[in-house]
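A.B. asks: Each protein sequence line maps, in turn, to chains S and B. Under my numbering, the residue at position 67 of the first sequence is numbered 59, and the numbers go up by one with no gaps. Under my numbering, the residue at position 25 of the second sequence is numbered 45, and the numbers go up by one with no gaps.
Treat the hints as calculated values from the structure; they're not laboratory data. Please note: incorrect hints may appear among the correct ones.
Computed cross-link-like contacts, PhoX-like style, restricted to lysine-lysine with a CA-CA straight-line distance of at most 25 Å [unchecked claim]: (1) B:K131 / B:K114; (2) B:K74 / B:K88; (3) B:K76 / B:K114; (4) B:K131 / B:K74; (5) B:K131 / B:K91; (6) S:K10 / S:K45; (7) B:K88 / B:K131; (8) B:K114 / B:K91; (9) B:K76 / B:K119; (10) B:K91 / S:K63; (11) B:K131 / S:K62; (12) B:K91 / B:K57; (13) S:K47 / B:K74; (14) B:K74 / B:K57; (15) S:K62 / S:K10; (16) S:K45 / B:K25; (17) S:K62 / S:K47; (18) B:K57 / B:K119; (19) B:K88 / B:K76; (20) S:K47 / S:K10; (21) B:K57 / B:K131; (22) S:K49 / B:K114; (23) B:K25 / B:K114; (24) S:K(-5) / B:K119; (25) S:K10 / S:K63; (26) B:K25 / S:K49; (27) S:K49 / B:K119; (28) S:K47 / B:K114; (29) S:K(-5) / B:K57; (30) B:K76 / B:K25.
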Amino acid sequence: DVKVTQSSRYLVKRTGEKVFLECVQDMDHENMFWYRQDPGLGLRLIYFSYDVKMKEKGDIPEGYSVSREKKERFSLILESASTNQTSMYLCASSQSRPGNYEQYFGPGTRLTVT
Amino acid sequence: DQQVKQNSPSLSVQEGRISILNCDYTNSMFDYFLWYKKYPAEGPTFLISISSIKDKNEDGRFTVFLNKSAKHLSLHIVPSQPGDSAVYFCAATKGYGNKLVFGAGTILRVKS
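Extracted from the complex, chain B is given alone in its bound form (with noise of 0.2 Å):
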């Protein structure tokens, strides 16, 4: 049963456009979630998280948005470059003592 989903595989946008990276969940307990980013050949590095008490979080080019009535997140990345082209790796956790329930990942291609 995959309690995080991204349902997008890929996703190709053209440098200097937006990026949106899609996550659906089905645990309600879920209070906590995270974006990873992972270059081939190199662990995931966190991007950006966002608690459930908040339904946005901005860091630079990168914000994330929650809607917790759709248990829906998502991660918007403006304006695309080159260098964002990884795989991105949503994840969610009940909470402190609890693991990171991470989804299959989205390829992101952005094109110059």
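Chain S on its own, in the form it takes in the complex (with noise of 0.2 Å):
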């Protein structure tokens, strides 16, 4: 079974805090995803990586920078937090295999910022 399993369950940080959400996949996976999900707005792609030191942009990037070192590690960095990434955060994985779409899931991270 595809593991993929994020740093931190809940998490709560302070306005302009440096924070840093790590998740990792066992499947030797080459797409890594961060999502985050908000009531009525379901899930927006934050950013993307399709290989190791590569990186894009998603839906909504503003606020977030990410990093891949390793292949199997993706993290997401908010540089100085804000009340307005208070959400749950969720990473997800998947091949790069043309005909397979399906993502892999984590558990999710519920960051508040007070």
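Starting from the two chains in their separate frames, assemble the complex, guided by the hints.
C.D. replies: Here it is in structure tokens:
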């Protein structure tokens, strides 16, 4: 079974703090993704990566950056946390293979910025 | 601009009856569609998918129907069970090398 793990289930940070969210997958997937989930808005893509050291902006990259130094690990960084970044953050991974679009998700990190 | 829309925020169904969750899309370039199920405090899990070359795909109690001319797909759950109570997300993609675009989700409650 594919396993995607996220470093924290719940996190509380103060406004202005730098926040690191880590994601690790164990299935040698090429693609990794960071989403945030908010009520009524569904899952919105923040950043994604098709390969080590590669990154692409998603639909809402402002206020975030990412790092992918190893294939299995994809980190999301909030440079200076703000209250509007309070959300559920979900990491996902997938194979890079035509016809295969299924993404496997981690359990999520509920981040609260006060 | 929401390219994938789930217009019903919630749906309540009696156990044993059919649940029908709907999804509309606006981008005619989408050629593959997926449904995900999400329980509280867990990540979404893949449920079923359909390619644009088909109009129906079935997996046990779950069937997805695609109407390309109407840009509409639906997920049927028969019979519905209390364990099906969750948030269901519809997603679409333009194919290989393209990202998934998700709808806002529909909360399904199955009453016993």
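A.B. asks: Okay, which hints does this one fail, numbers in order?
C.D. replies: 1, 4, 5, 7, 10, 11, 13 and 16
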